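Student: Here is what each chain is made of, one letter per residue.
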Amino acid sequence: MSQTQAQTHGTDNGKPQFYVTDEHHPEGSTMLGFWLYLMSDCLIFAVLFATHGVLGRNYAAGPSPADLFDLPLVAVNTAMLLFSSITYGFAMLQMERGAKAETLFWLGVTGVFGAAFLGLELYEFNHLIHEGAGPTRSAFLSSFFTLVGTHGLHVTFGIIWLITLMVQVGKHGLIPENKRRLMCLSMFWHFLDVVWIGVFSFVYLMGVLG
Amino acid sequence: MSSHPNAPSHESASQTHHGHSHGHEAAHGTFRSYMIGFALSVILTAIPFWLVMSGAIDSKLFTAFLVMGLGVIQIIVHMVYFLHMNPRSEGGWTMMALLFTLVLVGITLAGSLWVMHHLNTNMMPMSPEMMKNMP
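Which chain is which? The protein sequence lines are A and B, in order.
Taking our numbering, the leading residue of the first sequence gets 77, the next gets one more, and so forth.
Taking our numbering, the leading residue of the second sequence gets 513, the next gets one more, and so forth.
Pulled out of the complex, with its shape left as it was, chain A reads as follows (with noise of 0.2 Å):
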């Protein structure tokens, strides 16, 4: 039966093949199968917001949010987050005109605001840890630091993602698998702000108010 097929689809010297060829993948499914991944990692984030919301008045006689969050530093980073999704948004415009360079030019933006982002919430992590507030302070700082992390751990990811896909476009251009690609991490990226919203509101702002 597989020999057959395997000659039927024309594969020389008969080289096992061993997948159905005639089988299409249905176009466009992708999105959606992407989205499913999108709400199982919002699954994640709602664990770990619960925990936080669970721990996090649990100071062990350690420092309070109010002691420690700058709130001006998290206000820069939150806006740096908000830059690279709108120019996120303008790389998306660029590449349904078609246009290979300005893509490019957007996307590399967006991955500087994005960098930044990470830079200063690794210099914000480095502060704590120095002052004494690491992960291990306290049960507060424990579900801080794990949920905090993690987006972070998600944006790391999500530049690396870029990077590939500006080579990727480079190379090859703005064809159907590029695009669809581009069109992933457009979700996964605003997706990643729609999560530091909650961040903002809930650990940072709903913290330091006590």
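Be a bit skeptical, because a hint or two may be false.
To give an idea of the chain B side of the interface with chain A (calculated C-beta under 10 Å), a few residues [as the list claims (entries may be wrong)]:
#, residue
1, Trp-605
2, Thr-606
3, Thr-620
It is worth saying that the hints were derived from the structure and are not from the lab.
Since the structure is predicted, the reported quantities are computational estimates derived from the model, not experimental observations.
All residues carry an ideal CB built from backbone N, CA and C; glycine is no exception.
Given the coordinates of chain A, work out where chain B should sit on it, guided by the hints.
Tutor: Relative to the frame of chain A, chain B by itself:
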């Protein structure tokens, strides 16, 4: 695209007129919709930060309520203007998945806080003496 015979000269045109020549009909934004979303986001971010940093409202409870409320509104703005959520995309399945996820998130958050709050209040009160003798 045939509607753009002179596409290169259009470079600076901000209003990209997007034709749906490619297969799927996933709604993409326009320059206008992205800018509306961005402007709303800036406003909805600035207000809660200002509320908390200036302490404009005396009541902490009311401030907290406002911060969370504005956060929820901003999440909806992002969903609509950046993620292009609408009840028709992918035959309505993205919306169904989102609603299902929101139900699960609601149960997770509300359930955790509720259960743990009751656990805390029903714990046997502990004196410092008992604390010292803890293993």
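Student: Each of the hints needs a verdict: does it hold here or not?
Tutor: How the hints compare with the structure:
For Trp-605(B), the shortest C-beta to C-beta distance to chain A is roughly 6 Å, which falls under 10 Å, so the interface hint holds. At about 5 Å, the closest approach between the beta carbon of Thr-606(B) and any beta carbon in chain A falls short of 10 Å, and the interface hint on this residue holds. A cut of 10 Å between beta carbons decides the hint on Thr-620(B): the least distance to chain A is about 5 Å, and the hint holds.
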